[in-house]
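Student: Got chain F; can you put chain C on it based on the hints?
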Amino acid sequence: MNEHRRQILQMLSEGKVSADEAERLISAMEEPSAATKSSAFSPTSTGKDRPKYLRVQVDSEDGGGHEGPTKVNVRVPMQLLRAGVKLAYLIPAAALQKANLAMHEKGIPVNLTQIKPENLEELIEQLNDLTVDVDQKDANTKVKVRVFCE
Amino acid sequence: MIPFVAVVSLRNQESRTFRLWIPLVLIWLLLLPLGILLSPFIFIACLVCRVNPLRGVAVMWQIVSALTDTQFEVEHRSAGVSFHIL
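Here the protein sequences line up with chains F and C, keeping their order.
Residue numbers for the first sequence follow my numbering, so the first one is 2 and each next one is one higher.
Residue numbers for the second sequence follow my numbering, so the first one is 179 and each next one is one higher.
Everything labelled a hint here was simulated from the structure, so no lab data went into it.
Keep in mind that the hints are not guaranteed to be accurate.
[To be verified] Here are the simulated EDC-like cross-link-like pairs (lysine to aspartate or glutamate), alpha carbons at most 20 angstroms apart as the crow flies: (1) F:K72 with C:E253; (2) F:K72 with C:E192; (3) F:K145 with C:E253; (4) F:K53 with C:D247; (5) F:K145 with C:E251; (6) F:K72 with C:E251; (7) F:K72 with F:D134.
[Claimed, not checked] If you want the ones that stay clear, here's a sample from chain F, every Cβ over 12 angstroms from chain C, calculated: (8) H5; (9) V18; (10) E22; (11) M104; (12) H105; (13) D130; (14) D134; (15) D139; (16) R147.
All C-beta atoms, glycine included, are put in the ideal place defined by N, C-alpha and C.
Next comes chain F alone, as it looks inside the complex (with noise of 0.2 angstroms):
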């Protein structure tokens, strides 16, 4: 890597490479090594830190003692969330089309043709820090829905 890095400043020496050439260069040089090395630290590399299941879990109280209490409880294999991304590879491109001039007609701008079965992968993978919890207090009822992975 040195070797490299000298290489560049003779060329700057040199008058070959300017200095903003040389930096841009050296940057360049340096940013795959900072790539891998924040990608082998990242919690989301190990597959041991990476969730496997997508939890939701509903509970709702009561207070007027006519219902009752509820509780929902929803356990989703990660894995399965993955595979039914993976339905978007078998959707015909003219139902595509179909889908992008109804959501036009409702204002919403989205090309969903544009959308990749990777982009919706990444999306998935991002799920892993999602938490979401709700508390609804009323006079009445109390419910409270977590959604997290875990």
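Tutor: Relative to the frame of chain F, chain C by itself:
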């Protein structure tokens, strides 16, 4: 690995639990000849919709395989329903 068993648990107000073990492997075995019989029609449908049939089969297989460990529970008062794919 595709799931082989699903467990459905029902609990009534008197806290009596009724548990039903569903052997999914039998369902897969029943669906297999049906799938083979329908495969030409599925292939034609994929071609009409301009979908790669092999990719379609691969995605469906991945979805079925990923169903393992899916769990769904609903409790209301002392009664409840639970569905767990093993």
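Student: Checking against the hints above, which ones are violated?
Tutor: As far as the earlier hints go, not one is violated by this structure.
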